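Starting from the structure of chain A, add chain B where the hints point.
First to last, the sequence lines map onto chains A and B.
Position one of the first sequence corresponds to residue 1 (my numbering), numbered consecutively onward.
Position one of the second sequence corresponds to residue 1001 (my numbering), numbered consecutively onward.
Read the hints as simulated data drawn from the structure, not as lab findings.
A portion of the hints provided could be inaccurate.
Straight-line C-alpha distance at most 25 Å; calculated PhoX-like pairs for lysine-lysine [unchecked claim]:
1. K1042(B) / K71(A)
2. K18(A) / K70(A)
3. K13(A) / K1042(B)
4. K3(A) / K1078(B)
5. K3(A) / K1069(B)
6. K55(A) / K71(A)
7. K3(A) / K1058(B)
Bear in mind that the values here come from a model prediction, so they are computed numbers and not experimental data.
The residues making up each chain are set out below.
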Amino acid sequence: DVKVTQSSRYLVKRTGEKVFLECVQDMDHENMFWYRQDPGLGLRLIYFSYDVKMKEKGDIPEGYSVSREKKERFSLILESASTNQTSMYLCASVQEGSTGELFFGEGSRLTVL
Amino acid sequence: ILNVEQSPQSLHVQEGDSTNFTCSFPSSNFYALHWYRWETAKSPEALFVMTLNGDEKKKGRISATLNTKEGYSYLYIKGSQPEDSATYLCAFGSNYQLIWGAGTKLIIKP
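Extracted from the complex, chain B is given alone in its bound form:
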């Protein structure tokens, strides 16, 4: 059974601090790894779609790395701001067969 694990489940971070969390996925038959941000009362929004081992992607203060051989991806947020409060989802697979993690809920404390 293919499984995607995200850790931690939730995280409280002081405003201004940097943080990171993990997505673990099966290391065989890799196709793509997706990261989404889901703010309360809004649509989940794509952050990154990563396809190559060793890939690093960046969008503003948020970056992600990918290790397909060992089956993990890290999401980093530098200098957390209140607007970063959201649930961060990762998903593994192709469009038709995405397997989703349960998410990491990030709360930024002012």
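One chain only, chain A, in its complex shape:
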């Protein structure tokens, strides 16, 4: 069974803390994405990566950074968490040149107090 695994399902952090969200995929996909999902809104792209050590800003990159040191792993970093970063974070991957079907992790629900 192909899989995208997110390290933490639920996290509670304090304002100003550094937060790491990890995502690992076992499908050898080139492209990986971080989205956030908030009530009443569609998924919004934070960052994506099309290769190891490559990254591109999405629609809402402010307050976030990413790391892709290995093909299978894409990390989202909140350098100094703020309450407006309380959200559901979804990682996804897709094979370059495929039909475009994204494979998602189960999500990480982050609460920043």
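Here is chain B on its own, set in the frame of chain A:
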């Protein structure tokens, strides 16, 4: 500003009934239209990726149609079952530039 609209926002359907909902998207510069099902506490799962005007796709009791000229796609569920309860997401664009709707939350009443 490109926008994807899904309607209705939520829907309660009696078990056994059929239902459908809509995804509206810009009719220019079409690339692909995606449908995903997102059950509570699970990963969003792809249902269909549609690329051709007039395309119809089917997976079991679920089917979808696509009209790129007028900018809409319908998702149909025939004979709803409790396991169909989920949020259904549509997204428009290419891999790097998917624009997502806010979803239709479907609740099946036994």
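Do the hints match the structure? See the list:
1. This hinted pair checks out: K1042(B) and K71(A) have alpha carbons roughly 24 Å apart, not beyond 25 Å.
2. Distance check on the hinted pair: K18(A) and K70(A) sit about 21 Å apart at the alpha-carbon level, within 25 Å; holds.
3. Between K13(A) and K1042(B), the direct Cα distance comes to roughly 23 Å. Compliance with the 25 Å bound is thereby established for this hinted pair.
4. Of the pairs offered as hints, the one joining K3(A) and K1078(B) is violated, with about 29 Å between alpha carbons and a cut-off of 25 Å exceeded.
5. Our distance criterion of 25 Å between C-alpha atoms is broken by K3(A) and K1069(B), whose separation comes to about 36 Å.
6. The suggested pairing of K55(A) with K71(A) holds, with an alpha-carbon distance near 12 Å, which does not exceed 25 Å.
7. For a cut-off of 25 Å, the pair hint linking K3(A) to K1058(B) stands: about 24 Å separates their Cα positions.
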